[in-house]
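Produce the entire structure from the sequences given, and follow the hints as far as they go.
If you read the sequences in order, they're chains C and L. If you use my numbering, the first sequence corresponds to residues 1 to 220, in order. If you use my numbering, the second sequence corresponds to residues 1 to 220, in order.
It cannot be assumed that every hint is accurate.
[Unchecked claim] To give an idea of the interface, some chain L residues facing chain C are shown, with a C-beta separation under 8 Å as derived from the structure:
(1) Leu-89
(2) Leu-102
(3) Leu-103
(4) Ile-107
(5) Ser-108
(6) Val-111
(7) Leu-118
The set of hints was computed from the structure by calculation and includes no laboratory data. Glycine is no exception: its CB is placed at the ideal position from the N, C-alpha and C atoms.
There are 2 protein chains.
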Amino acid sequence: MATSTVENYLKQILLLSAGDDALVSMGDLAAALAVVPGTATTMVKSLASDGLVDHHLRHGVRLTAAGRRVALGVLRRHRLIETFLVEVLKMDWTEVHAEAELLEHAISDAVLDRLDALLGHPAADPHGDPIPTRLGKIDAQVYATLATCVVAQPLRIVRVTEQSGEFLQFAERNGLRPGARVRVAERDLAAGLITLKKTSGRTVALSLAAAGNILVAPAR
Amino acid sequence: MATSTVENYLKQILLLSAGDDALVSMGDLAAALAVVPGTATTMVKSLASDGLVDHHLRHGVRLTAAGRRVALGVLRRHRLIETFLVEVLKMDWTEVHAEAELLEHAISDAVLDRLDALLGHPAADPHGDPIPTRLGKIDAQVYATLATCVVAQPLRIVRVTEQSGEFLQFAERNGLRPGARVRVAERDLAAGLITLKKTSGRTVALSLAAAGNILVAPAR
DNA sequence: GGCTTTATTTTGATTAGTCAAATTCTTATC
DNA sequence: GATAAGAATTTGACTAATCAAAATAAAGCC
Ligand SMILES: [Mn+2]
Ligand SMILES: [Mn+2]
Ligand SMILES: [Mn+2]
Ligand SMILES: [Mn+2]
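In structure tokens form, the structure reads like this:
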């Protein structure tokens with residue numbers, strides 16, 4: 001069995017490689033896991049010797065097929081648990097991430113399958129993050145963000161990446177949840193500022209950096 | 001935060017001291033936790049230095065008030081999780097113990113309170129084990145077992161101690177779950193054998209040792 | 001191309017939890 | 001009350017995960 005530390009490293013490498021098989025740097029990996037870079041190096045070497053990653057010394061790390069399988073399993077557990085906490089236990093979508101971070105390592109396949117059935121085999125979690133199937137298939141669709149989409153067009157929010165409580169609470173306060181309808185009223189690149197218009201008529205201002213965390217599709 | 005190892009030790013000391021404040025021997029504790037006796041000694045010393053147990057060198061260990069508080073919290077989580085797995089996810093009461101053994105260390109108070117409410121604040125888990133309240137109160141009622149109760153009287157099974165899959169499956173196969181009605185048809189102490197009669201008329205034979213794991217009360 | 005800055009790796013220590021085997025204490029038995 | 005058996009403790013060693021700080025390699029810059 002992979003320890004929860006190993007599971008966290010593999011999941012994080014998957015998330016940082018952004019779907020494709022890009023190399024993940026030790027610096028980024030260490031920062032994401034809140035450890036010192038030397039710790040990440042040591043751990044990655046041990047993952048490599050277990051055949052879970054390829055370590056390109058001094059250049060970065062990439063999942064092997066075996067490592068990717070494990071990582072997708074962890075991601076599936078994480079996202080189904082988040083969905084359960086919101087849909088069944090009625091918890092707030094801004095607070096479930098931390099809970100799932102622990103539970104993802106403690107739940108068995110038997111329990112997970114029942115949760116999945118109870119929830120009706122959802123395709124995405126409360127943040128809009130796609131849920132891998134039991135076979136490890138994951139929706140890789142690429143979306144525009146509020147920082148890159150066309151201006152003025154009616155949009156639908158499909159996903160909020162960035163799991164920090166502060167950011168999610170900001171999103172919730174301003175009605176920027178998956179499914180909400182908005183359009184970009186103005187994008188001032190010099191000031192790094194974006195102004196949204198909601199269907200309610202309300203406007204919301206946010207930075208380019210923040211806007212990059214909100215994925216959108218044309219409203220149909 | 002107590003590690004899950006610490007939580008397991010404290011919970012096990014509580015279970016082995018059987019409610020009262022009896023000293024628990026290192027041998028019993030080590031066996032219950034599947035570690036070597038020296039390991040239990042080392043761990044108990046560290047628990048003692050954290051003020052969670054009193055270690056009477058060479059005689060045994062007992063929980064302090066602080067240790068008991070932690071242990072009751074773990075027990076509450078364990079039993080509420082088992083109840084959830086059976087009542088909501090419809091899992092088998094013979095297989096939920098192992099699941100709860102891991103989940104009990106990963107679930108937060110916020111999630112637990114919501115589970116408790118969803119289940120209607122149950123007083124006992126699927127095995128009939130009493131669930132401590134949020135304040136650490138636990139039903140300490142003493143029951144007779146099928147090995148000690150009076151013969152011929154109509155009885156109701158209130159609890160099945162002993163969590164091993166084999167034993168629980170034996171109980172399930174023979175309809176010996178909490179709530180079931182039986183009476184002791186015959187108790188042969190020389191042979192160490194007990195014969196039960198169910199309301200259906202069916203008879204079940206079991207050893208004195210097995211009978212000691214089934215707690216009963218007079219059927220009202 | 002050589003020098004400087006930055007990222008990565010290495011080295012040496014530390015903590016939690018564990019086991020095997022030697023040692024010491026307790027208790028039962030004669 | 002001495003002794004043998006059994007239980008508990010101690011000692012030394014090991015694994016997983018981590019950090020601080022020194023060493024090294026890679027990139028960027030003039
Ligand atoms: Mn995690
Ligand atoms: Mn999510
Ligand atoms: Mn446990
Ligand atoms: Mn139980």
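For each hint, the structure was consulted:
Against a cut-off of 8 Å between C-beta atoms, the interface hint on L/Leu-89 holds, since the closest Cβ of chain C lies about 4 Å away. The beta carbon of L/Leu-102 comes within 4 Å of a beta carbon in chain C, closer than 8 Å, and the hint placing it at the interface holds. Checking L/Leu-103 against chain C by beta carbon gives a least distance of about 5 Å; that is within 8 Å, so the hint holds. Given the 8 Å rule on beta carbons, the hint for L/Ile-107 holds: about 7 Å separates it from the nearest Cβ of chain C.
Interface hint at L/Ser-108: satisfied, since its Cβ lies 6 Å from the closest Cβ of chain C, which is below the 8 Å cut-off. Given the 8 Å rule on beta carbons, the hint for L/Val-111 holds: about 6 Å separates it from the nearest Cβ of chain C. Satisfaction of the interface hint for L/Leu-118 is found here, the shortest Cβ-Cβ separation to chain C being roughly 7 Å, below the 8 Å cut-off.
Checked against the numbered hints given earlier, this structure breaks none of them.
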